[in-house]
Amino acid sequence: MERWQRAQHRQGSAPPDDLPHALILDGPHGPVVQAANRAAWRAGAAQGARVVDMRALCPDLQVDYADPGGDAAALDRLALWARRWCPWTAVDGQGLILDTTGSDHLWGGEAAMLEDIEARLSIAGFSSRLALGETWGAAWALARCGPVRAICADTAALPVAALRLDPDTVLLLHRLGLKTIGALAAVPRLSLARRFARADLPANPLLRLDQVTGHLAEPLAPPLAPPVFRSLARLPEPIFDPGQHLPALCTDLCAQLSFAGMGARRLRLSVYRTDGEMRRIEVAMAQASREPRHLGFLFRDRLEKIDAGYGFDLISLDSVVTEPLGVVQAGLAGGTDQVLELSRLLDRLTVRFGAGAISQPLPQASHIPERAETHASPLTPRPDVPPPQSERPLRLLDPAEEVRVLYAVPEGPPAQFQWRRQTHRTVRFAGPERIAPEWWQDKPGTRLRDYFKVEDQTGRRFWLYREGLHDDGRGGDPRWFLHGMFA
Amino acid sequence: MSRSSAFHRALTDRPPGDIARGVLLSEVFAERTGDAAALGFVLAHLPRGGKPVLWLQDRLSRRETGRPYLAGSGQRPILLMDLARPADVLIAAEEGLGCSALSAVVAEIWGDPAALSFTATKRLAMRAEAAGVPCWLIRHGGSADLSAARDRWRVGSRPSAADADDAQAPGDPRWHLDLFRSRDKQPGLWVAQHDRAADRISLSAAVSDGTLAAGATPAGQRAAG
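Heads up: the protein sequence lines correspond to chains A and B, in order.
Sequential numbering from 1 applies to the first sequence in my numbering.
Sequential numbering from 1001 applies to the second sequence in my numbering.
In case anyone wonders, no lab produced these hints; they're calculated from the structure.
Idealized CB from N, CA, C, for every residue including glycine.
One thing to keep in mind: the hints can contain errors.
Here are the simulated distance ranges between beta carbons [as the list claims (entries may be wrong)]:
1) 355(A) <-> 1167(B): 26 to 36 Å
2) 477(A) <-> 1074(B): 44 to 54 Å
3) 1084(B) <-> 243(A): 21 to 31 Å
4) 245(A) <-> 1145(B): 44 to 54 Å
5) 1122(B) <-> 225(A): 51 to 61 Å
6) 1049(B) <-> 386(A): 37 to 47 Å
7) 310(A) <-> 1145(B): 40 to 50 Å
8) 1074(B) <-> 240(A): 36 to 46 Å
9) 355(A) <-> 1087(B): 18 to 28 Å
With the hints as constraints, model all of the structure from the sequences given.
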């Protein structure tokens, strides 16, 4: 929720805090609430409740779609960032788990460390519920159900839902009258083991209880931090032009990448100026690459855009995004690799003119002419879409231009039309070809189109359409548009 | 030499539909704006196959004459670049001509920009010949100034051939081709017919003044034939 609020705030469209607002996900019986702001929690919103129920409780609830993939990615990055406190951190469902054994004294004790974590997270814009436990399970339970910033508190009074059990098992335990962890622990082990002998871990209260008490070990397996590919040039004297050092930096970086079997997709060149400022330029590549000459070429025209100020004495070349890239054998026939050549060309053009300038038109399954092709990024594989049945023009005007038309019969082709202040007389025509609106995505009231291929007195062939019919009840007289040109 | 004799010699000497093959920088002028005949002529000459065509447009030609439409241009793979200035189009064309993974480079330029000088076209021509990638310059609303293009064409639409199934409908398109400068060919005038089904141009040798006059033929056409 807070990530979403900050994103909205950046766009300048953040809703006020006192209006209830919720993020939703599609569930099997309609959308359910995934997260909500403080006003909505106070109005009675609950996680996992259906939006229609919440609307009954709180009629002015605003909803928006949640972004679970983005949340997970943000949590992954947060887990790596949390290595500032201890080296063993991992994502645990919706939260983070830190194994702080042996690192708390560096932060002035456990309580001081928890305060520091909470302060730094709130600076980063996140609210947090923290707890310190002797085991992973105990910390999980205390963080979610215990007191604020609990440190190794007693877990006996916490509800059984704090045991990381699935909802069915929690319901079963409630029906058995076992509402707290203490009550569950008081039951003889043998009877619990007999009752839940075949249940796996999330449905087995005995194993979960052992994890909380530490009888069952649960080691933390933190993911490795992604390797950093960086090449540095430290200079004895400040200079103004990084051009001379660039080839050596590229060669060094490519050697590192080649040793790890990786290729760079995005590079960043940073210069550290003597006045303490830093300037950077970034280039991106269409395909992972680790060839020094190509990487150097991409920076060649952009080096002059670096504001050197009073000079800089440290240059760093980082590979920001890397991808695995195996060793490719060159063709025995001695030819050049076409895909590689094309991606190099795309890189050079993208560096020069920006990523938005170059696109690849691809067919799309639609009868509406302007929707029948999408502009994808280059090197996208071509989808398998059948070509249109009837003839299509070479050129398409985008958007279609309105023309003034004289016609003999309302349903027929134009006898004469005026386009860009020139009058064209229809000599021959083909059509109409009727294209109905796509009801599943067009607004209600969108009118159908009748396309005509029209040849005028000078031999030019145009593609015209009439939008709507005379008595279709969707607006006044139909309008005419010129949409394209045939060869 | 009169133009009329050049026309007849060209019709008899050269195999039809093959007059522009093997030329690496060609310049095609559209007779009028809003006339896609020049584009059709270029498309009919582009090599077929899996290699993509780099298609460059400056802002004005995109706004005035629209964008290339995939469904109408034979489903060739196209890399489309929308650039702001004609100078950018020339730079991108030069970059593209260095890449052998392209089957051709097509650049559309509106008007007579200062960037399209003799030197610029000379650079394009030499690049195209070095890489062996054909380059087509399409000029909308431009005048034929100095240029190093090996072939210079002026192309316009003419009333189309009769459709076999529908007497009212326009059939295969006919274009008026005017090769007014060429390095290794005889300049001349042709009337070409584009066979849409086979995507092949045939120079209609049988066209005489009479058949063209039967349609709504402009005065310039009769004088040329």
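Now for the hints, and whether the structure bears them out:
no., hint, result
1, 355(A) <-> 1167(B): 26 to 36 Å, "violated, 51 Å"
2, 477(A) <-> 1074(B): 44 to 54 Å, "violated, 37 Å"
3, 1084(B) <-> 243(A): 21 to 31 Å, "holds, 28 Å"
4, 245(A) <-> 1145(B): 44 to 54 Å, "holds, 45 Å"
5, 1122(B) <-> 225(A): 51 to 61 Å, "holds, 55 Å"
6, 1049(B) <-> 386(A): 37 to 47 Å, "violated, 21 Å"
7, 310(A) <-> 1145(B): 40 to 50 Å, "holds, 49 Å"
8, 1074(B) <-> 240(A): 36 to 46 Å, "violated, 52 Å"
9, 355(A) <-> 1087(B): 18 to 28 Å, "holds, 20 Å"
Violated hints, in rising order: 1, 2, 6, 8; the structure is consistent with all others.
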